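**Q** Assemble the dimeric complex from its two separately framed chains, guided by the hints.
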Amino acid sequence: MSETSRESRVSAAFVKLADTLIADYDVVDLLDTLLLECTQILDCEAGGLLLVDAVGQLQVVASTNEEADFVEFMQVGAGSGPCIDCFTTGKAVTVADIDESGNQWPEFRTAALQKGFRSVLATPMRLRGEVLGTMNLFSTFIGPMNPRDAAIAQALTDVATIGILQERNIRETGIVAEQLQRALDSRILIEQAKGVISQTASVGIDEAFVLLRSYARRHNLSLRSVAESVANRSIDIGIVQPATSERQA
Amino acid sequence: MDKPQDSHSVAPPIPSANGDDADLCSRFLGLYPITGASISVIDEAGNHSTICASDDTAAKLEEMQFDVGEGPHWEALHTGRPALVPNLQSGDTSAWPIFSEAVRQTEIGAVFAFPLNMGAVTIGVVDLYCSSSGNLSTSALSTALSLARSVTLPAARLAIRSAHAEAASTTTGTAPELRRVVHQATGMILVQLNVNATEAFLVLRAHAFSSGRTVHDVAQDVVARRLDFGATAV
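Chains as they are written, first to last, in this note's numbering: chain A, 1 to 249; chain B, 1 to 234.
Keep in mind that a hint or two might mislead.
[Said to hold, decoys possible] Stretches of chain B that chain A covers, calculated by requiring three or more beta carbons in the stretch to come under 8 Å of a beta carbon on chain A: (1) 116-126; (2) 144-150; (3) 186-197.
[As the list claims (entries may be wrong)] Not everything, but these chain B residues come out facing chain A in the computed CB check (under 8 Å): (4) Leu153; (5) Pro154; (6) Leu158; (7) Arg180; (8) His183.
These are calculated hints, taken from the structure and not from any lab test.
These numbers were taken from a predicted model, which means no experiment stands behind them.
Virtual Cβ for every residue (Gly too), placed ideally from N, Cα, C.
The shape of chain B in the complex, shown without the other chains (with noise of 0.2 Å):
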């Protein structure tokens, strides 16, 4: 196995505005040993879209992932936690019998997925791959938890405007699609639901998606009480 060394990572810079999808995959790359990264969010209904791979394999790791229905991708998602696989090829990948047959076909020799949390619901995963096996050294795990925040509030854009046409804002100050009301809405649709904060936030963006709406309008009628989804069959 190779020993991972204790390298100079790059450090999260504080991203530019309006820096372009594929900028956010690449600041993962000049993080040792990282061969290649992918990010990707989940859309309003539920279903992942890829914003950015750095490389062909990425991309594939990925696709892999999303048609057999496990790996570490899942894991980061569902537990909000990393999912660290530091050795693909020979290690104990019983968890994931079908996306450990896959990986065997290709070069990947380890796979680190993060979560993107904004707060406690998670939007998204980055998927980062080695070409060999080997731990991510403690450095490199805190770099690595570090560029995954700072990707997390551009990548939650994404996903919101992917598949709707939510007004881009183009005015300084926080978008609207993320002020306060979202997130305080998005508190109150999980209690009505009795859902985690995750599905909460699928919910609101779903309804505002199906009634032609904005986030933030939405967000608005709920904090209001003029919306209760506990009150109405979803």
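Bound conformation, chain A alone (with noise of 0.2 Å):
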């Protein structure tokens, strides 16, 4: 990527970010905001964000591929793996070449190599000495991560951080822990509309996603609200076909 559309895509992607929290914003949609545009300015394959929830577990919130696999392996970076080192320490942890990364993490490192992942960037999401959660780019060529790269995903990581506590009641204590919870409910509400709109649509699951997403893309809908209305069975997302279906503004 040249410097010039380089600069002009991180400028792009801070406005894309300050955007969704004007609107009237979702925390899911914000974060899978972060995730996308970071993985595509970091020029990484993949992506994947992880909130702690309310026992203490890091949970995959976004992620740039929804196929099961992928959320699995993230899952195994949580238990052991740069995430959790990300999380524990609220550092950045960057592995240059996942190969050479020994006995530090096997698990992960079995997983991470078998993907044709070769290199990962660990970014924590920090509020005032507490982290909440860490977002993680992975790519396919080996190499660190260069400085200036990890200090943008940092400033993008912390523009949404900050956007998670930009919602009414900031004064309020236990706003942090009230959001995070919202955001991990909103996620599963996503898994539950993803099953029905499988079952509805017969597509898989990670079709399914695709369809709820643009679903709400297109009616300008937080990906939470078609989801609910989707598992409530309020809308059908399985009938109203991507090309036929703008009905509502």
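**A** Pasting the structure below:
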């Protein structure tokens, strides 16, 4: 990527994140945007974002790839791998060559190499000394992450983290826990909705997510609200075909 | 009627891992004007089991509602929304005549029931009571909602493991019984059987229980389309 196109991409990403924050937004949409932008700007092949849940475990809230095995792979990293190290230390973890990581995280190493990933950057989502989660970007190329790239990832992540708090009632303590809880619950709704769409439209789970996301974008709705309507059967995305569904603004 | 004050309510902490079950109830007790709390979940047979009660009255309140089959607890469960009854002793309680009659024999002034929602699935209810009547303030209500959210996941884990020897996950990462595939299977089953999400989740767990398998295993079969509840008489 040339310097100018890169600069403009970074600026565009900040603008996009800021835009997400101004409108009535959902945390899952915000994190989804953050992840997709960072993956593209940093020329990575895949990425996943994990948030800590009520019992202190990391949960995948957004991923570039919805395939079950990729999500499972992210969870492996959340058990023992750069993701959890980044989360516990609150510092970015970069692994230039996963193959050379030895016995540090054997299970993660095997799983990553199997998927063709050779390097990873884990960026913490920090807030006043607390770590809320991590964003993990995977590349199929060996090599250390350029420090400037790492700084961009951190800056974008910080904007999104602040964004988590921007919703109403910012004064109230416990709002962070509340927001994380909501984000994780949104994710559960999305999974239930994926199941509904997969069954009604006879498509795979991955494709169900694509249908869900495109419906949300097309109708300018949050993923959560669409997922909720799908899960309680008040809308049926399986029947509304993408090409013919421009029914509402 | 007591006028509720806008007191500083206790913030929901991010609870530590492996907090014991009693702790799930106690975190509601710092919330003014709540006197007691009980939490119950629905097991795979559709039965309600109490996972904690902060005192005898809280336990009795829940038992009473189970016995008579009506009350705010049931309303929260069926609607997936909070059922707030600020004045039980003299307010309009025509919606629950038997429950109201029973509750008048107690010291309970107000009951606030909150569903524990895991996405579209209601896995249980937390019943809060106050010894005097009165509304919850807006901030107390929002704190109660957020506390209810914070106990949902731990309660869901207990619900799934309550009767079945679902292997307790000690590893970090998501507990197997609550991985994505379980929620996806719930969505598929609700279409297959044309039921709501809560019922679909119950069917999934009941099937796992009766076949001696884990919820996670059965969910994988559903998502892989090896098992279709619509195709078989369940």
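**Q** Could you run down the list of hints and mark each one as holding or not?
**A** Here's how the hints hold up against the structure:
A count of 5 residues in the segment 116-126 of chain B with a Cβ less than 8 Å from any Cβ of chain A is obtained; the coverage claim is therefore met, three being the minimum. Residues of the segment 144-150 of chain B with a Cβ under 8 Å from some Cβ of chain A number 3, which satisfies the need for three, so the listed coverage holds. A stretch counts as covered by a chain when three or more of its residues have a beta carbon under 8 Å from one of that chain; for the segment 186-197 of chain B and chain A the count is 9, and the coverage holds. With a least beta-carbon distance of about 5 Å to chain A, the hint placing Leu153(B) at the interface is held under the 8 Å criterion.
Checking Pro154(B) against chain A by beta carbon gives a least distance of about 6 Å; that is within 8 Å, so the hint holds. Checking Leu158(B) against chain A: minimum C-beta separation of about 11 Å lies over 8 Å; hint violated. The interface hint given for Arg180(B) is met, as the beta carbon of that residue sits about 5 Å from the closest beta carbon of chain A, less than 8 Å. Hint status for His183(B): holds, given a least beta-carbon distance of 3 Å to chain A, under 8 Å.
Going down the numbered hints, you'll see the structure goes against just number 6.
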